[in-house]
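Trainee: Line by line, the protein sequences are chains B and R. When you line the first sequence up against the numbering used here, it's residues 134 to 293, in that order. When you line the second sequence up against the numbering used here, it's residues 11 to 306, in that order.
Simulated from the structure, these hints should not be mistaken for laboratory data. Beta carbons are placed, not taken as given, at the ideal position from N, Cα and C, and that holds for glycine. Do not take every clue at face value.
[Stated by the list, open to error] DSS-like mimics (lysine-lysine), calculated; alpha carbons at most 30 Å apart, straight line: (1) B:172 <-> R:225; (2) R:232 <-> B:172; (3) R:232 <-> R:302; (4) B:167 <-> R:256; (5) B:236 <-> R:256; (6) B:281 <-> R:124; (7) R:126 <-> R:109.
[To be verified] Distance windows between CB atoms, simulated: (8) R:229 <-> B:229: 40 to 46 Å; (9) B:177 <-> R:306: 52 to 58 Å; (10) R:143 <-> B:139: 46 to 52 Å; (11) B:143 <-> R:295: 49 to 55 Å; (12) R:229 <-> B:289: 42 to 48 Å; (13) B:252 <-> R:285: 19 to 25 Å.
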Amino acid sequence: MVETRDLLNQLLDEKKLSYCQDCGSCTGSCPMAKALPGKYNPRRLLQRVSHNLPELLKSEELWLCAWCYRCTERCPQGVQPTEIFLLTRNLASEGGMIPENPKAIMREIMRSGRSVSVPDGFDEWREGYGLPPIGATISPKAIEEQRKIFGEECLRRLEA
Amino acid sequence: MTYLLYPGCVASVRELGYEMSMRAVFKRLGIDLKQRDDFNCCMPACLVHSVDYKRGLALTSRNLAIAEEEDLPLMTLCSSCYGNLSRAKYLLDSNPALKKEVNGLLGEVGREYKGKAKVEHVVTTIYKDYGPDGVKELSANPLKGLRAAPFYGCHLFLPQRYTGFDDSEFPQKLDKLINATGAESVNYHEKTSCCIGCGSFFGKVSDEAGLKLAKNILDDAKSSSADAIVATCPFCIMQLEVGQLKLRESEGKEYEIPVIHYIDVLGLAMGLKPDELGLDLRRISVSPLLEKLGIN
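Chain R with its partners taken away, still in its complex shape (with noise of 0.2 Å):
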């Protein structure tokens, strides 16, 4: 299987130990991936889109007029992307008028959005590919013991119409895909809270808006005995690690919970080392989560 690799900013700027995790992982799966050096920012609907709706759409769409190219399926690691590109694919191919016009931009740099491109990221594609059973096959080394706190990320799943991913009240199939590694997925409130990560960048009242939901989703996984929060999108990431440095800081909170990606997850439950996974770049120690687990 090919994708065509769809980077995304902060993925491919700020979240490195992400990036060789999810790499290391699909090359031993065989995944191949395919990568461009054109593809523009998916351009947030919380931004771009705000300015001008049809020229936003337009932008996000070049990048699936290039999938349309390439005829391949697009692959991101950001659930933002995943949701933005979603997005815009279900608005053009559900408004034909809407579409013609964004085309008509995306003509005068020689480029069409057919309607025939898809869209899938990092979580979806193991689902789709693997599913809960395949990951228990590729499971040599079950992570027994640990006990994972699943934090879904708004745009994987959000709104239904969209990506159709998974169900929008109860979704499932992150904490399916931990439990196939031997891991077992902790319940807990705040599991498919948002973050505000990737949707709000109003300075300082955006980061205090941010790091009071962090310390909900913080408080909540601590007390369910979590040994880590288990995420899908880097923003998430970002938000849940950078809170917990914030709030050492601000009030003293020694959280000390690591978060990690899925792919984190599923790569240590194949048997791959913590340095291929770029786990020593997380700003939370993820070491007593490897020492519960007996890797070193």
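Pulled out of the complex, with its shape left as it was, chain B reads as follows (with noise of 0.2 Å):
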């Protein structure tokens, strides 16, 4: 089995967490930390996953990643923080700790294939702009299969 937390470890170990210089690349990448100085800030979050994990499951902080890739892209010891704050949201979710936001735009998914509700009538409006028609949702066996494949335990953390 391929757990979460071994593929977190790989990425954590591999000896290049340790090989970060403090250089601040990924800091200095980031659009959320530049839209929210003071308040978001990579690198310090990329210490926290080794120094103070149970803290930073709690924190709104984990969430705030917008999954650009430019820190990994550009970090010069090739770690990829993007990948290592997914994975560590995870572990959030195991206990329980998905914003509000994040679970409602998955309930959506969910329920109708789609992150982005369609409004009633929709199918007529497309009509009228030439536009085939996409459904209320994707197609019932479709969506029978998505929520198979995230499962019970998944589909219960949404609800939560």
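Reconstruct the complex from the two isolated chains, following the hints.
Mentor: See the structure below:
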């Protein structure tokens, strides 16, 4: 079994994190750090993954990474902060700590197969622009498949 | 050439103008699009993979498995779908143990990801199948005098190991495709910045951060005297258009800078009409740019 913990440990290990030179390329490249100075700092966040995990799992910052991959692309030591943060969120999620907004979007995805809900009468509107119908949801069979793959436990996490 | 259209949630529900434009241009090019009603959301890594990495990868690669069943390359409208599908492909192709487990989950619904699926995006398709030289030939109506500010959008080119489409620090391909239509790609600092549109869903905090970044991008594009921002992703287009509407309301800022997709630029250069390209659906009027080009 490939466990989340193993994947995370692989990323944290490979001697890479210990090679971090504290150069701050990650923070200097980060759009969220630029937009939220003093509130979000991926370099510090990375240190907390190694040194203060239980506290970090409860924090909002863990969910602020906007997943742009600039830090990953630029780290001179090959650390992959983006993937590390995504995996760390798995641990928060296991403990039932998923913020409300992301949870609501994922509930919609699991209900309709789409991250954005389709308004009533939308296909008629599309037709008016010469576009083919997309249906209120993806096909029922596809919804059944995606819910099965996501699994009861993960579905429960979204409802909690 | 036939592609399997991966419609994407935001493109097919919120960005009809882009979808119209893409369909009109591809029809003119003779590119066939096969459609299905059973693709699931690409399952953004920042959301679904954050709950469960492996199940998230399985859900994303369910779409790759369908593409393999069809034996056709997937073509996405959204750069975020493109990045997310490319990421799943990279992670599974480079980790046989993970791929095996993900296939265990896919096997429960009778599917399998073999590793053959190809992922393209509207812009990568144009670059790969036509390139700047091909676009030049297609441009019967060169867009002389149009100053276009390219906005690459993260997931088209980052990280390089997942998509491999362009250089990760100095991408040039969108500039080349713009210049091939006779328009002039404008250089500005924010060209390769992030708008956080597809990656931050934290309510008020994300909205404020997004608006701040949009303002930087719009200010910079405006000071480079661009006639339009040319994006590749429906999320970027929304952030930069809605950002203008919000800044007009909150700060009285009148940017009035049209934000269009590259496929609109190509369509105009090919002589397609603005209404065929869905340009009347844009949130910020494109009239100034059409006037400058002498297009009615």
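Trainee: For every hint, state whether the structure bears it out.
Mentor: Hint check results:
1. Only pairs whose Cα atoms come within 30 Å are accepted, and residue 172 of chain B paired with residue 225 of chain R is accepted, the gap being roughly 19 Å.
2. Restraint check for residue 232 of chain R and residue 172 of chain B: the C-alpha separation of about 29 Å stays at or below 30 Å, so the hint holds.
3. Straight-line distance between C-alpha atoms of residue 232 of chain R and residue 302 of chain R comes to about 16 Å, which keeps the hinted pair within the 30 Å bound.
4. For the suggested pair residue 167 of chain B and residue 256 of chain R, the alpha carbons sit about 20 Å apart, so the restraint of at most 30 Å is met.
5. For the suggested pair residue 236 of chain B and residue 256 of chain R, the alpha carbons sit about 26 Å apart, so the restraint of at most 30 Å is met.
6. Restraint check: the Cα-Cα separation between residue 281 of chain B and residue 124 of chain R comes to about 20 Å, which is no more than 30 Å; the hinted pair holds.
7. With a C-alpha separation of about 13 Å, the suggested pair residue 126 of chain R and residue 109 of chain R falls inside the 30 Å cut-off, and the hint holds.
8. Between residue 229 of chain R and residue 229 of chain B, the C-beta spacing of about 42 Å keeps the proposed range 40 to 46 Å intact.
9. Here the CB-CB span from residue 177 of chain B to residue 306 of chain R is close to 55 Å, well matched to the stated 52 to 58 Å.
10. Distance hint for residue 143 of chain R and residue 139 of chain B: a CB-CB separation of about 48 Å, consistent with the stated range 46 to 52 Å.
11. Our hint of 49 to 55 Å for residue 143 of chain B and residue 295 of chain R holds, since their Cβ atoms are close to 51 Å apart.
12. Separation of residue 229 of chain R from residue 289 of chain B is about 45 Å and conforms to the stated range, judged on CB atoms against 42 to 48 Å.
13. Taken as a hint, the range 19 to 25 Å holds for the pair residue 252 of chain B and residue 285 of chain R, whose Cβ atoms sit roughly 23 Å apart.
Hint check: no violations occur; every hint is consistent with the structure.
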